[in-house]
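Using the sequences plus the hints, can you model the full thing?
Residue numbers (UniProt numbering): 1 to 295.
Just so you know, the hints here were simulated from the structure itself, not pulled from any lab data.
What you are looking at is a predicted structure, and each value in this text was computed from that prediction instead of being measured.
Even for Gly, the Cβ is constructed at its ideal location relative to N, Cα and C.
Treat the hints loosely; a few may be bogus.
25 Å max Cα-Cα, derived BS3-like pairs, lysine-lysine [claimed, not checked]:
#, residue 1, residue 2
1, K55, K116
2, K34, K73
3, K34, K209
4, K116, K209
5, K69, K34
Taking CB as the label site, the calculated pair distances span [what the hints assert, rightly or not]:
#, residue 1, residue 2, range
6, K69, D188, 14 to 22 Å
7, Q8, L163, 27 to 35 Å
8, E106, G217, 22 to 30 Å
9, R54, D114, 21 to 29 Å
10, R72, Y97, 19 to 27 Å
11, D114, V189, 25 to 33 Å
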Amino acid sequence: MTTSPPTQWRTIWISDLHLGTAGCNASHLLDFLKHNEAETLYLVGDIIDGWQLRKSWTWPQAHNDVVQKVLRKARKGTRVIFIPGNHDEFARQFIGYAFGDIQVQEDAVHVTADGKRLWVTHGDQFDGVIQHSKWLAHLGDTLYTFALWLNLHFNRVRRRLGLHYWSLSQYLKHKVKNAVSFITNFEDVLVNEARRQGYDGVVCGHIHKPEIRHVDGVLYCNDGDWVESLSALVEDEHGQLRLVYWTHLTDAGEPAVVKSKRRRPLELPALPSALAPRPASQPARESSQTETADV
Numbered sequence: 001m002t003t004s005p006p007t008q009w010r011t012i013w014i015s016d017l018h019l020g021t022a023g024c025n026a027s028h029l030l031d032f033l034k035h036n037e038a039e040t041l042y043l044v045g046d047i048i049d050g051w052q053l054r055k056s057w058t059w060p061q062a063h064n065d066v067v068q069k070v071l072r073k074a075r076k077g078t079r080v081i082f083i084p085g086n087h088d089e090f091a092r093q094f095i096g097y098a099f100g101d102i103q104v105q106e107d108a109v110h111v112t113a114d115g116k117r118l119w120v121t122h123g124d125q126f127d128g129v130i131q132h133s134k135w136l137a138h139l140g141d142t143l144y145t146f147a148l149w150l151n152l153h154f155n156r157v158r159r160r161l162g163l164h165y166w167s168l169s170q171y172l173k174h175k176v177k178n179a180v181s182f183i184t185n186f187e188d189v190l191v192n193e194a195r196r197q198g199y200d201g202v203v204c205g206h207i208h209k210p211e212i213r214h215v216d217g218v219l220y221c222n223d224g225d226w227v228e229s230l231s232a233l234v235e236d237e238h239g240q241l242r243l244v245y246w247t248h249l250t251d252a253g254e255p256a257v258v259k260s261k262r263r264r265p266l267e268l269p270a271l272p273s274a275l276a277p278r279p280a281s282q283p284a285r286e287s288s289q290t291e292t293a294d295v
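Okay, structure coming up:
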């Protein structure tokens, strides 16, 4: 077990955890959260997969542990901002409220240490399939869930062979011409919207493809996901942005998998009895944060 202190970042962005699904790599995510601290933590959508939870319950203890870890960070002073996505769109009814120590916002403006203004949004509102053909999005989600099931068993074999995590489903997706074209179009739309609104860049999630690149003077950042890429976007104290890929566990060993025919009950932490709205005199703050990578 490592005894090294957590890496301290100015800002961390994570999204697309998909808690409540078998595809969520909760053990790697929890390990990442244990070994990385930040002044501000952005949860950029699809944190809990409401689509999947409406079909069946998949909520092992590791998913509870992730929720508890985030809540503990918030209680200890980390500024946590939750921007709901399409899979946890049920939380959009709480936009403008504080959920315990967590602020729920439609989007955010983040100011880096070197003064760049970044627009933070999940990005699903710029996905034409989500907006205009939701039935097709649900069909695609079902097929994608099957691909993640294959990915889960594939990586169990790799672990037995002593190999690190590698995403089969992501590899296959990025080899499909239509998927690659969709990703490119999505990135271009986000960049154009950020430019139109006068931002220096955009940070998003949604498409599960981590990326940092400049497009005609506008910075495009996607923090990836925790079902395929196992990635986060981070900002350091100088305002430099990097991608972190947490494809191996820092703490030795994999958590034991408990097999049981009985379905585990959902064990969510106790929540506040009331949601406190943000005072009208307190506008959404522009934040500045930094993060780094550990591959």
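Structure-based check of all given hints:
{"no.": "1", "hint": "K55 with K116", "in the structure": "violated, 42 Å"}
{"no.": "2", "hint": "K34 with K73", "in the structure": "holds, 10 Å"}
{"no.": "3", "hint": "K34 with K209", "in the structure": "holds, 24 Å"}
{"no.": "4", "hint": "K116 with K209", "in the structure": "holds, 23 Å"}
{"no.": "5", "hint": "K69 with K34", "in the structure": "holds, 8 Å"}
{"no.": "6", "hint": "K69 with D188: 14 to 22 Å", "in the structure": "violated, 35 Å"}
{"no.": "7", "hint": "Q8 with L163: 27 to 35 Å", "in the structure": "holds, 30 Å"}
{"no.": "8", "hint": "E106 with G217: 22 to 30 Å", "in the structure": "holds, 26 Å"}
{"no.": "9", "hint": "R54 with D114: 21 to 29 Å", "in the structure": "violated, 43 Å"}
{"no.": "10", "hint": "R72 with Y97: 19 to 27 Å", "in the structure": "holds, 21 Å"}
{"no.": "11", "hint": "D114 with V189: 25 to 33 Å", "in the structure": "holds, 26 Å"}
Hint compliance for this structure: hints 1, 6, 9 are broken, all remaining hints hold.
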